[in-house]
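**Q** These protein sequences, in sequence, are chains E and V. The first sequence lines up with residues 1 to 199 when you count with this note's numbering. The second sequence lines up with residues 1 to 203 when you count with this note's numbering.
In case anyone wonders, no lab produced these hints; they're calculated from the structure. Here the structure is a predicted model, which is why all the values come from computation and not from measurement. Backbone N, C-alpha and C fix where the C-beta goes; we use that ideal spot for every residue, glycine too. Some clues are possibly wrong.
To give an idea of the interface, some chain V residues facing chain E are shown, with a C-beta separation under 10 Å as derived from the structure [said to hold, decoys possible]:
id : residue
1  : I31
2  : F32
3  : V192
Footprint (simulated), chain V over chain E, 3 or more residues, beta carbon under 8 Å [claimed, not checked]:
id : stretch
4  : 24-30
5  : 52-62
6  : 85-93
7  : 105-112
8  : 175-184
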Amino acid sequence: MRDILYIILTTVLANNVMFVRFEGLCSFMSCPGRKSSVRFLTFATGFVLVFASVFSWIADRYILTPLNAEYLKTVVIVFIIACFVQVVDNVTAAQYPRFREEMGICLVLIATNSAVLTICLESAQQDSTLISIILSALGTALGFGISTFLFGGIREKIENSNVPECFKGTPATLIAASIISLAFYGFEGVVTGIFSMGL
Amino acid sequence: MSRKERFSVFLGGLYRDNPVFTAALGICCSIFMTYDVRNAFLTGVFTALTLVVSDMVISAMKRVIPKQVRIPCHMLLIFGSLTFLQFMLNAYFPMFESGINKYFLPVAVSCLVLGRAEGYAIKNSVINSGVDALGVGIGFTVNLVLIAILRDVLGNGMFFGTPVFSGNVKPVSLFAMAPGVLFISGCICALVKKIAGRKDGGE
Chain E
1 MRDILYIILT
11 TVLANNVMFV
21 RFEGLCSFMS
31 CPGRKSSVRF
41 LTFATGFVLV
51 FASVFSWIAD
61 RYILTPLNAE
71 YLKTVVIVFI
81 IACFVQVVDN
91 VTAAQYPRFR
101 EEMGICLVLI
111 ATNSAVLTIC
121 LESAQQDSTL
131 ISIILSALGT
141 ALGFGISTFL
151 FGGIREKIEN
161 SNVPECFKGT
171 PATLIAASII
181 SLAFYGFEGV
191 VTGIFSMGL
Chain V
1 MSRKERFSVF
11 LGGLYRDNPV
21 FTAALGICCS
31 IFMTYDVRNA
41 FLTGVFTALT
51 LVVSDMVISA
61 MKRVIPKQVR
71 IPCHMLLIFG
81 SLTFLQFMLN
91 AYFPMFESGI
101 NKYFLPVAVS
111 CLVLGRAEGY
121 AIKNSVINSG
131 VDALGVGIGF
141 TVNLVLIAIL
151 RDVLGNGMFF
161 GTPVFSGNVK
171 PVSLFAMAPG
181 VLFISGCICA
191 LVKKIAGRKD
201 GGE
């Protein structure tokens, strides 16, 4: 129980995927600031994370290793991720055409989200088990969700407030992200502090 | 298309609707690769070359690739052009041999290449895509080098190896860390937006 709590606290706060490891910022930055589209992007990223990591594990264990083709690992994993992004894109186009119009290329950019790639590369290693990779994918998705949720609110505030003309949009978002990521650096000490006191 | 229109496509790629400045694409790459100026410059050049090759290939094949499976195809084409470039550079510029390989993955998954392929190359002609990609690549390189220089000056107090500050003035170590990169690139984006806005107003 204590370990699970520790893992959740570190992935969500101290080792947050977006503001401490700086992975997956691109697709979030190019997403429009509205709350509904941010939520949609988060769910899409979580879906791709979980399924692509499971499939990269399968591909590595049952196809690449028996064929001695480990040098193709990166290409195959990128291909798997791109396939799932395509699934998301096609489903969105069929079911939610409004979202697809609104979000532009930011759904497609999940394919180059480095958080997804890192998790998939980790899961395609010899010693990982299926349960552990599903858990780590879910943890990363949760961390991504928390940061997009927190930051989505701030982005909406920025869009409605009166910033200087040339700072409107991307520049103001970047500077806000810089300040928030400083705050997340502080969590590192808090989490290790709580657990060293003996919770 | 006349030379003047080509040039305006190039300028558009360079700063007016360069996704590096308008949508902060490639920000992951700028955070991880700007810890020194040489590294930033090489990353930028390699990305620019990849952009030109892959955008032209993708634009040439836009009628062949069905829309429903385009993302995996584009990723494979980008990987293919990267591998091609890697072999070419290793063959003709052997002094970079050990260096180029470490830029392979950051460039391959930088959002900029895929973003420009999806946003521009699939809608425009081959030559236009190449010209636009050249503009975007040069803009990205300038952006990376500028970030790296500012990071070095503000964060470490060094300008190409010479100390800038003297006496009691200490460098701000925040700028050597990743949040500093976000801050600097935010300021650069604002500056570019200001310049582009003035040009549009004058015309």
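**Q** Just pull the numbers of the violated hints for me, sorted ascending.
**A** Failing hint: just 5.
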